[in-house]
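The hints should help you fit chain V onto chain F, whose structure is shown.
There are 2 protein chains.
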Amino acid sequence: MSVIYNRVALIGLGLIASSMFWATKRGGLAGHVTGYARSQDTRDTARRIGLCDEVCDNLIDAVKDADLIVLAVPVGAMGAVAAEIGPHLKPGATVTDVGSVKRTVIDAVAPHLPEGVHFVPAHPLAGTEHSGPESGFATLFDNRWCLLVPHESSTAESVAQLRVYWEGLGANVEEMDADHHDLVLAVTSHTPHLIAYTMVGVADDLRRVTDSEVIKYSAAGFRDFTRIAASDPTMWRDVFLNNKEATLEILGRFTEELFALQRAIRTGDGDMLHDYFTRTRSIRRGIIEAGQDTDAPDFGRSKLEK
Amino acid sequence: MSVIYNRVALIGLGLIASSMFWATKRGGLAGHVTGYARSQDTRDTARRIGLCDEVCDNLIDAVKDADLIVLAVPVGAMGAVAAEIGPHLKPGATVTDVGSVKRTVIDAVAPHLPEGVHFVPAHPLAGTEHSGPESGFATLFDNRWCLLVPHESSTAESVAQLRVYWEGLGANVEEMDADHHDLVLAVTSHTPHLIAYTMVGVADDLRRVTDSEVIKYSAAGFRDFTRIAASDPTMWRDVFLNNKEATLEILGRFTEELFALQRAIRTGDGDMLHDYFTRTRSIRRGIIEAGQDTDAPDFGRSKLEK
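Note that the protein sequences, when read in sequence, are chains F and V. Counting with full-length UniProt numbering, you get residues 1 to 306 for the letters of the first sequence. Counting with full-length UniProt numbering, you get residues 1 to 306 for the letters of the second sequence.
Bound-form chain F, shown alone (with noise of 0.2 Å):
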């Protein structure tokens, strides 16, 4: 690998940003990277764990000879930062951002931004349940998905410079429209995210009634969602806040389903499951082909067989 940027600065120091900083270094993809966090407790953090080369106390510090800024805060407070940077970015400098959604990050950030400055938004598909400055580390990101969505300020040569820095990272690259990315989104991620907090909040709930019997028992199915259901409260408000039409369509067809199964049950149309759930069992065979996970049994126990 050699460098691809000369200064990179990573702004927010959470998971995405501290396994960005982490990748780079394993592929040696930049002379310098900087980080800035608004949180005093985050910057402490970061310098005594080693995170960035610098850790600065002030935003324009870490921006202001960067080449390379990458915009990892949650969705809501992108337009905030661009607009605290936006005059002190150096001429022919890429800014990039990580978040989950692309048109109302695109409408916040572009404005912000001056002209001779590439702006490639960017969303690696690639997290755990785990978030902050430690929670980092350099293989998040192989053999994952980034989604490029180049903005009109996009030069040719700024996205495939881009394409070639999260191909070091370790990811597998692919260009897509913004309000495509945001509907697909919708589907494999935003609303099962939504689902997953729902049935879990119905649990805890439960949890008076039974006990710890929830969460004794719930290697039965519930587990995978409480995994899903811990992903950081931040990022996936403004997920929601910020992708609304899309998740709110996909809602919608989600609940006309879910009463035509319901109304299945309770009719004992046993039929109409028996078809159902023979129609779903197909996709998961759709998703071992295209290589997105093994057909290794695994429902509930890889976790603790580690």
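Simulated from the structure, these hints should not be mistaken for lab results. Misleading hints may appear alongside valid ones.
No copy is singled out in the list; a pair is fine if it fits within one copy or between any two copies.
Each computed DSS-like pair below joins lysine-lysine, with the alpha-carbon atoms no more than 30 Å apart [stated by the list, open to error]:
| # | residue 1 | residue 2 |
| --- | --- | --- |
| 1 | Lys216 | Lys90 |
| 2 | Lys244 | Lys25 |
| 3 | Lys244 | Lys216 |
| 4 | Lys25 | Lys216 |
| 5 | Lys64 | Lys216 |
| 6 | Lys90 | Lys244 |
| 7 | Lys25 | Lys64 |
| 8 | Lys244 | Lys64 |
Remember, it's a predicted structure, so these values are computed and weren't measured experimentally.
Quick look at chain V alone, frame taken from chain F:
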């Protein structure tokens, strides 16, 4: 380990029964194990892979000399099997089952068992998304729960013996009342499965719109749902038809909560979302403390790293 039952009969040779066989052999828990499956194909496969000491072509032959008879067929088929074997059971034999629902299984099976036969319903909380005679493995029950739901025909001795057998298979054993079992499982397993099936069904419809993108980008949360929704359709049809009331009650609570969150998204109530997601995050901590999962960052990764 020593022999717990001289002769064990496994009726239905799917994931659970085949795993019970391999775990029984591992522990030396039975002198002789017979097996029966309705399908000739399944019996042929069982013979080919050495599943059971003896595969019988006739249900009665499999059970007539058995000290323990394990009903490992879908919940909806339990009653018919019990009716057929009832007159041929050895006095003093124990009948158990492995169904995911207990009340309707007890109501369907118990009337067919003669006096002097002990019925000890059971439910091992273990499984994978695979099914069939070749999907079993000896470690499936290690460190998993097995719930015993003693029936009025159970003697203390027959319950104690079955407990020792399940412990020998690797499980941790608890006793529970049938109705309470069905409610707890509706929360921890049945409703989560129905929701996962629904979400995968929605995505399957949309797949025609977004081509293969739903699968390609499934790692972002959706993939965990597909694993759950790949479970055996017949088994799950019968679960929902036989735990109708508890499942519909939990589903009612679920949609109520989901509508509250949907409304918060629509009205932009970020505080409500943030509070909700913070609360659900804490339940995860309880699961880790209860030893039902590890704290290792795992979301969407471990399957590919194996």
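Hint by hint, here is what the structure shows:
1. Lys216 <-> Lys90: This pair counts as neither: shortest intra-copy Cα distance 55 Å, inter-copy 37 Å.
2. Lys244 <-> Lys25: neither (37 Å within a copy, 55 Å between copies)
3. Lys244 <-> Lys216: between (35 Å within a copy, 23 Å between copies)
4. Lys25 <-> Lys216: Between copies, since 28 Å is at most 30 Å while 41 Å is not.
5. Lys64 <-> Lys216: neither (52 Å within a copy, 37 Å between copies)
6. Lys90 <-> Lys244: neither (34 Å within a copy, 64 Å between copies)
7. Lys25 <-> Lys64: within (21 Å within a copy, 68 Å between copies)
8. Lys244 <-> Lys64: Neither. Shortest intra-copy (34 Å) and inter-copy (62 Å) distances fail the 30 Å Cα cut-off.
In summary, the numbered hints that this structure violates are 1, 2, 5, 6 and 8.
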